Structure formats: structure tokens, C-alpha cells
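So the sequence lines, in the order shown, correspond to chains G and C.
Here the first sequence stands for residues 1 to 445, numbered as in the numbering used here.
Here the second sequence stands for residues 1 to 445, numbered as in the numbering used here.
Warning: the hint list may mix true and false statements.
To be verified - Simulated restraints, written as ranges between beta carbons of each label pair:
1) C:Ala322 / G:Asp179: 44 to 52 Å
2) C:Gly27 / G:Glu424: 33 to 41 Å
3) C:Glu93 / G:Ala347: 52 to 60 Å
4) G:Asp331 / C:Glu152: 19 to 27 Å
As the list claims (entries may be wrong) - Derived, one-sided and incomplete: chain C residues facing chain G with beta-carbon distance under 8 Å:
5) Tyr29
6) Ala30
7) Phe34
8) Gly37
9) Ser41
10) His74
11) Thr77
12) Val90
13) Val91
14) Glu107
15) His120
16) Pro180
17) Val184
18) Asn208
Worth flagging that the hints you see were computed from the coordinates, not collected in a lab.
If you're wondering where the values come from, they're calculated on a predicted model, not measured in any experiment.
Ideal placement from N, C-alpha and C gives every residue a C-beta, glycine not left out.
There are 2 protein chains.
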Amino acid sequence: MAESKKLHLTAFMRPVSLHTGAWRYPGAYADANFNLGHLKSFIQKLEAAKFDAFFMADHLAVLNMPVEALKRSHTVTSFEPFTLLSALSVVTERIGLAATASTTYDEPYHVARRFASLDHLSSGRAGWNIVTTGNPESSKNFGRDEHLEHSERYKRAREFYDVVTGLWDSFADDAFVRDPASGVYFDPDKLHVLNHKGDDLAVRGPLNMARPVQGWPVIIQAGQSDPGRQLAAETAEAVFCSPRDLASAKALYADIKGRAAAAGRSREHLKILPAAFIVVGDSAEDARAKRLKLDSLVHYDSAIASLSVALGSDATGFDPDAPLPVDQIPDTNASKTSLASVLKLAADEQLTVRQLAGRYGGYSGLAFVGTPQTIADEMAVWLAEEAADGFTVVFPFLPQGLDDVTLKLVPELQRRGLFREDYEGTTLREHLGLPRPENRFFPKS
Amino acid sequence: MAESKKLHLTAFMRPVSLHTGAWRYPGAYADANFNLGHLKSFIQKLEAAKFDAFFMADHLAVLNMPVEALKRSHTVTSFEPFTLLSALSVVTERIGLAATASTTYDEPYHVARRFASLDHLSSGRAGWNIVTTGNPESSKNFGRDEHLEHSERYKRAREFYDVVTGLWDSFADDAFVRDPASGVYFDPDKLHVLNHKGDDLAVRGPLNMARPVQGWPVIIQAGQSDPGRQLAAETAEAVFCSPRDLASAKALYADIKGRAAAAGRSREHLKILPAAFIVVGDSAEDARAKRLKLDSLVHYDSAIASLSVALGSDATGFDPDAPLPVDQIPDTNASKTSLASVLKLAADEQLTVRQLAGRYGGYSGLAFVGTPQTIADEMAVWLAEEAADGFTVVFPFLPQGLDDVTLKLVPELQRRGLFREDYEGTTLREHLGLPRPENRFFPKS
Ligand SMILES: Cc1cc2nc3c(=O)[nH]c(=O)nc-3n(C[C@H](O)[C@H](O)[C@H](O)COP(=O)(O)O)c2cc1C
Ligand SMILES: Cc1cc2nc3c(=O)[nH]c(=O)nc-3n(C[C@H](O)[C@H](O)[C@H](O)COP(=O)(O)O)c2cc1C
Numbered sequence: 001m002a003e004s005k006k007l008h009l010t011a012f013m014r015p016v017s018l019h020t021g022a023w024r025y026p027g028a029y030a031d032a033n034f035n036l037g038h039l040k041s042f043i044q045k046l047e048a049a050k051f052d053a054f055f056m057a058d059h060l061a062v063l064n065m066p067v068e069a070l071k072r073s074h075t076v077t078s079f080e081p082f083t084l085l086s087a088l089s090v091v092t093e094r095i096g097l098a099a100t101a102s103t104t105y106d107e108p109y110h111v112a113r114r115f116a117s118l119d120h121l122s123s124g125r126a127g128w129n130i131v132t133t134g135n136p137e138s139s140k141n142f143g144r145d146e147h148l149e150h151s152e153r154y155k156r157a158r159e160f161y162d163v164v165t166g167l168w169d170s171f172a173d174d175a176f177v178r179d180p181a182s183g184v185y186f187d188p189d190k191l192h193v194l195n196h197k198g199d200d201l202a203v204r205g206p207l208n209m210a211r212p213v214q215g216w217p218v219i220i221q222a223g224q225s226d227p228g229r230q231l232a233a234e235t236a237e238a239v240f241c242s243p244r245d246l247a248s249a250k251a252l253y254a255d256i257k258g259r260a261a262a263a264g265r266s267r268e269h270l271k272i273l274p275a276a277f278i279v280v281g282d283s284a285e286d287a288r289a290k291r292l293k294l295d296s297l298v299h300y301d302s303a304i305a306s307l308s309v310a311l312g313s314d315a316t317g318f319d320p321d322a323p324l325p326v327d328q329i330p331d332t333n334a335s336k337t338s339l340a341s342v343l344k345l346a347a348d349e350q351l352t353v354r355q356l357a358g359r360y361g362g363y364s365g366l367a368f369v370g371t372p373q374t375i376a377d378e379m380a381v382w383l384a385e386e387a388a389d390g391f392t393v394v395f396p397f398l399p400q401g402l403d404d405v406t407l408k409l410v411p412e413l414q415r416r417g418l419f420r421e422d423y424e425g426t427t428l429r430e431h432l433g434l435p436r437p438e439n440r441f442f443p444k445s
Numbered sequence: 001m002a003e004s005k006k007l008h009l010t011a012f013m014r015p016v017s018l019h020t021g022a023w024r025y026p027g028a029y030a031d032a033n034f035n036l037g038h039l040k041s042f043i044q045k046l047e048a049a050k051f052d053a054f055f056m057a058d059h060l061a062v063l064n065m066p067v068e069a070l071k072r073s074h075t076v077t078s079f080e081p082f083t084l085l086s087a088l089s090v091v092t093e094r095i096g097l098a099a100t101a102s103t104t105y106d107e108p109y110h111v112a113r114r115f116a117s118l119d120h121l122s123s124g125r126a127g128w129n130i131v132t133t134g135n136p137e138s139s140k141n142f143g144r145d146e147h148l149e150h151s152e153r154y155k156r157a158r159e160f161y162d163v164v165t166g167l168w169d170s171f172a173d174d175a176f177v178r179d180p181a182s183g184v185y186f187d188p189d190k191l192h193v194l195n196h197k198g199d200d201l202a203v204r205g206p207l208n209m210a211r212p213v214q215g216w217p218v219i220i221q222a223g224q225s226d227p228g229r230q231l232a233a234e235t236a237e238a239v240f241c242s243p244r245d246l247a248s249a250k251a252l253y254a255d256i257k258g259r260a261a262a263a264g265r266s267r268e269h270l271k272i273l274p275a276a277f278i279v280v281g282d283s284a285e286d287a288r289a290k291r292l293k294l295d296s297l298v299h300y301d302s303a304i305a306s307l308s309v310a311l312g313s314d315a316t317g318f319d320p321d322a323p324l325p326v327d328q329i330p331d332t333n334a335s336k337t338s339l340a341s342v343l344k345l346a347a348d349e350q351l352t353v354r355q356l357a358g359r360y361g362g363y364s365g366l367a368f369v370g371t372p373q374t375i376a377d378e379m380a381v382w383l384a385e386e387a388a389d390g391f392t393v394v395f396p397f398l399p400q401g402l403d404d405v406t407l408k409l410v411p412e413l414q415r416r417g418l419f420r421e422d423y424e425g426t427t428l429r430e431h432l433g434l435p436r437p438e439n440r441f442f443p444k445s
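For reference, chain G alone in the conformation it holds in the complex:
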């Protein structure tokens, strides 16, 4: 019998959590943004649970919300990903280390170099989450008044990828002969000068790095627009996406894998890992209560502003502790999908305005909230029905919410044969079941 398909799990990390109320949750490490000790303990727990990777998100600006909301959020400052992951590489041995790097506000030579260096430092555990940077405020920190236009961003991203991967291939894997007798350190026939001149980038090369241990660090992509999916299909080996439910996840899965196949790539070599907010409880009610408690920690001022955005109209006049007054909500010109999903959620979960606001101010994406058994059931369905190859796990609060996953959910998944009992390889590529790319300038034969 063929071995059954298994899930991949990566941890989507903001040091205090992505949820803006999390720093106020009982037991939270509110100072984790600049506390290496806490981050060490998180990654070591994730490694003990055999996670594929620790993934560090990244943002290039502070001012992405009104100051009244901003001052209540722990999400805007934290360690920079490369420095943090390099430090964490030393206190771990197997878990993958994925950093986010922007193709819009960085240089391919720097990006190629830093990932190659992280891959060497970690003996082959680096991954690059390619983002084009969504926050338009970022442009102002890099000398531009306006954010680069969406299609321009993706066009540059595609070229940026070609340049970075080309730079990683500057030296053949066996270029460094280091023969003391002849005095030859490397074979110049195994050095390739890229000489890239494209629409957006001009980079001569070669990169001043030996080829990465993995050949190329694993390529990850998180965009969801049409050009985002196309970029993923052409380049990514893992996709962090955020479908809202099983049906839309299946459609997204089929779409991206279909595009990859159309681009001549193997469907197996592109893993779809939806972001999932996971709240584990001893009972369904316990899990739900934890989540409501967490959402209640988002200050009402920020929460109601987020709900207004989701509704497309002002919600500040509503009674916080009554149900959503559906008949007072106008139709919207903003996002009708968003409005519809607020209405559905309010009805499904019978939430008050305050609770709904906390949800939108906290985290409103795909969530699995339940016992280890019910969550494992759901994950098994997603895997079997080709909605996901695994998940990008978003922890509701830390450390407790992480411990709940590693100590309760993961053992349940392992019992069912849905998740590895131990690492089988040493590199991130091996964890994800991805081949090592050939050097495009120095093919093996």
C-alpha cells in the first residue's frame, strides 16, 4: 500500500501573534517583538513538533493604520527577518527558516546574497517568501511618493526572481576545488557571469557566494490576485494563500496547480498551504470561548473601525452589545463580498456588534476552532479533497496557543498518520518533498 498523503505545516510568525489583541491575552509575552529568548523557545517547540518551517512575515512601514488603532497594536515593530532567522538557525537543527523579502523595495543582489548566506548558515533550511509589498505606505520609506502600481510590481517581481535564481547559479556546485598544491581556489570555468539586462533590472553578477546548499532556497509566494497566482504558478514551490472556506480553497488549489501544469511544471512540486488560524480547546465550547475572549481584547475603538471597513459603512453608532442591526446597514460600493461575509458570520455565530468588531479587528480569515479531534477531522478533509497540501498555521496567542497546537493537535495528526513523526531529511526542500534545482548554467550532464 502506498504511504498515505501527509500534511505540511509551517508556522506563520509575528512574535506576539498576528491577532492585534494577543498581547493582552493572559500569559502573553507582550515584549516578544524584541525578546530573542521567547522566539528561541517558540522555534524549539515547533521543531520538537516537526514543523516544516518557521516563517517570518515582514513589513516595510509603520503607518498603515490611524494612530489611535496603531498605538494599541503590537504588530508594527519587531526583529528584521534575516537577522532573526540567522540567530535562530544556531539554536535549531532541522526546521526550515522562511523569510519574507520584497521585490519592490530591495535589490536582487542583496536579496540573493542574504538568502544564500542564510542557506549556508543553516545547512540548507532557507526559504524565500516573495512579496511585492502590499502596504502602499512603504514607498515613502524608499524615496518614492507613490507605491509602484500593482501590475508593475508583479512584472518586476517576475524579473527579480529570474535575476536572484540566476545569481544563485553563479558558481557550479563543484566550483570550489581549493587545491593547496596547485594554488587553485576555484575553477573559473565553473563561474558564470549573469549579465542580466531587463526592463526593470540590470545586474551583472556573479554573486559573491558559493551556490546555496539547497541549490536555491525554497521559493514561496503569497499573492492572490491574478498576477499573484500566475507568479506563484511559474515560480513558487509553496504558496501561502488565504481562502475563506473549503469551496474557495478547492477552486484556488485547482487554479494554481492548473496554471503550474500549463507552465510545464509538476503539480507535486508546488505545495498549497492556506493560512489557518487555529484555536484548540478541550471542548468545542472551550475553544469558542478562548476565541471570544481573545477578540474581546481588541480595543473597541480599533475593532469598530475594522468592522466599518468590512461593512463598507460606518458602524460606530450601533449598540455594541446588541446583535448587528441588519436593517440599518446600507448596501456598499466598497466590497460586496466583504459585506456579505460579515452578514453571514453575524447570523452563523450569532455575534453581537462588539464580538463581530473584535473578530474583524483581530483576525477574520480562515479559522479552525475546536478540539484536536475536530480540527484534525477538518484538516483531513482539506487534504483529501485537494483544498490544501498542508497549512500555514497562525497562532491566536502565544505561548499558550502554540503549545496547544504542538502538544495537542500535532500528536492527534500524528496518531492518524496525517503528519510526520520525525524529520526524514535535513533541508527545507526535503521536508516539503521538493527536488534540488539543477544549476541552469552548469547542468549535470
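Knowing the structure of chain G, use the given hints to seat chain C with the ligands on it.
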């Protein structure tokens, strides 16, 4: 009695050494460029010897010499400084961690962020070696055909420094109140928006980092031209320079400290640390023999090319094993200072053409070659005569040349009271005797 003045010592690191023949020296770790284990052992030895800092040089291009010389050199590829130093921060506790970062080919927002992150990770041990990038080949890796012109580079560097230090001051030291009760994570009155718009740079800010532990990481500068010295005088807290002898070092020392005083700064808060190549032997003869052996490991093809450059005329026709044929050497239009110093060296040390070539192909800057006693004597003179506040130590070969310094020279300096027996503080600023800068936007009052 006032405590006597002490030396500061920083280690100038290329993983295999700066000397191009070092990878062939007996016992050398030829693969150290990408071997974290070796670098861990080096930095831990330097910390045990109480060095002020481990300093990682940086270069942004490979093609800076003809391929026939390039293929014999280990110096063009190695770990990138930020990733490496972040990893090393975890295996050390006290030693400073100085990274080189270019103001010509990077963005101030990125540079400010990475240093702030390294400073937080290391609890206040980061230092920034500001360089404008000397190697003109670098431009081609960053979309420019031509290297930015020298004075333009320094003009941009000065503005870059203002922006980076301004970004470090984005948050007051006590901005992060993290009060769960009121739900306020930081006080918005303690957040400053830089809004910099200058000749070369436009950066809004704020930086998405808490203020560094040291306020600002220590500012280091290594340029020697007139604008280089001026930049150092206005901004640097440590200067890595490369005078050739005691007299020129004294002149340089007086010049830079004088410029600093003229700019309204304290002479005490700018440490002059000349680069010194140190070869320790059991006897003067032993040290000299080690150096000759090392120089002989530079392949003659590269060595003679370097000698030709130093002479300003072709030396390839000379008998390698005879003395320099002084009467066959034409005057030069290149550097007359350089030609004169070759002639002086050939006479002083009575070197053959091959030996001279090895010197120029290997390392021809300031060197202390002798026993621990004679080297300590020399260093004491440099310190007493105000030629140096300490040294940027260049190891001839590793690990042996490093062990010779940490296990033989350092104890001799300690015995004489010329070097610390233990660290007195925990930050790089404290090791160097530098004050913590006030936040320019949030003065203490
Ligand atoms: C799981 C996940 C993680 C993401 N992480 C980041 C990030 O760290 N930095 C960032 O700028 N954008 C991040 N994004 C946003 C995407 O990169 C992208 O900008 C966004 O989905 C909009 O892209 P689109 O216009 O192609 O839909 C993330 C998205 C998802 C789903
Ligand atoms: C000890 C020392 C270390 C240096 N390290 C670097 C370095 O890591 N990267 C670099 O590009 N230049 C480095 N330089 C070169 C200087 O930054 C500078 O480019 C060079 O001295 C020429 O500058 P100038 O034109 O002002 O004289 C170093 C110089 C010295 C003396």
C-alpha cells in the same frame, strides 16, 4: 594615580584571512568562508581574549581582479555580514559585532533596520562600519554602469548617516508602555516621523523598530581621503585606518581628532584604530620566517601582477630569485609614493623579487612582526605617542595566527596593563568607552 590608558582591539575578519595566500598555509581552514563552526570557534576565542569587537568586512562584487588571480584567492566569497553576525551573536555574550554596510548601494531604511535588529538580538553589541564602497565593479550589480563619483559618494554617505540615525530615534526609549489594562501598546507622543527630504534621499519613517539598545549602534568609518576623514570626524566613534608607519599614523591621528574637535565633538569619543597585520613568533627570526612562508604561498602569477601595480611598471621579466633590479625600473606616472615604498622595502628587508611579489600579492600594509614582547613594545609606543587608541587586528592566517595573538600577545599586553583583563560593560559602546547618544527627538531634558 589615574588608571593608565589601555588599548582597544578589534578583529578584522575575513573568514580565511585577508592575505590571499592564507588558505594554503599549513593548518588553515580553507573552507571557512561557509563554515559556521570555524567562525564560531574564532569569535569565541576572541571573546575569551576580551577583544572589543569582531568586525566583518564586506564587498559587493566578485570581479575586482583578473580571473587568473581571482581563481587563486579565497577572498571573494563568504557569508554576508548581517546573517553571519546575527548567528554569532547567539554563541557569544560580550564581544562587539561590527558589520560593514554601504551607503552607496543600499537603502537607509534597510540599513537602519538591520543594525537595530542586530543590536536588539545581541543586547547592544552592534557597530556599523560605514563604507562608500571602493570597488567600482559593484555598481554593475546594482543597475548602474558607472560607480558613483567619489565626492558624490561621500555626500550621499553624510546624508545617509543623518537618515539612519534619525530613523533609530523614531521611538523614544520609553515609548513602549505595553499596558494591558488600558490597551495601549505604545505612546504615540513618543513616536517621531522623520519626514526626511534631502538632495539624495527621501525617507519618511518612522522605522518599524524599537530604539536600539545602545541608542545607536557604534559608528565606525574606514575612509582615508579628505572627504573620508571629514566624514569620520563628523560622525565616527571609531576609525579603522591604514597608516603605513608611526609617523604617518601620528599625523593621521592628529588630523582626524583635530577635525572632530573642530566639528564640536569630544576627542575622547572617537577612537583611532589602525589596521595592523600581526605575526607573532617565538623569536624575531621565527616570526619573519612565518611571514615569508605565508607570502610564498601567493601564486607567483598573481604576486608579480600585484608587484607590477605597486611599481607602476611591468615586473614580469625580472629574475624571481634575484634582488630587485633597481636600475631597470623606470620612473612612474602611477603612484610615486607606492614606487618609493617598494624600493625602500626591498632595501630594508633585502627581499628577492619573488619575496617582494608575495608581499604585495599578500598583504603590504602596516605589520607588527616579532615576539609578544617586541610587538607589545611597539603597541605601547603607538598608544603613548598618540598614533593609535588601539588596533584593528588583521590575522595573517587562521586559526594559528589568531591563537598566537589571543594566547601569546594578549596576555603580554594584559601583564603590562595595556589591555583589559575582563569586560567591564556589556555593550560595544561600553567596551569602547563611548557614551549612549541621546534621542535627538526626545531629549532627556
Ligand atoms: C499567509 C500570508 C502571508 C503574507 N505575508 C506577507 C508579508 O510578510 N509581507 C507582505 O508585504 N505581504 C504579505 N502577504 C501579502 C501578500 O504578499 C500579498 O501582498 C497580498 O496577498 C496581496 O497580493 P495580491 O495583490 O497578489 O493579492 C501575505 C499574505 C498571506 C496570505
Ligand atoms: C581596516 C579597513 C577596513 C575596510 N573595510 C572595508 C570593507 O569592508 N568594505 C569596503 O567596501 N571598503 C572597506 N575599506 C575601504 C574604505 O571603506 C574606503 O573605501 C577606502 O579606504 C577608500 O576610501 P577613501 O577614498 O576615503 O580613501 C576598509 C578600509 C580599511 C582601512
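Practice task
State the violated hints by number, sorted upward, taking the hints as numbered earlier in the document.
Solution key: Hints 1, 4, 5, 8, 9 are the ones this structure does not satisfy, whereas the remaining hints hold.
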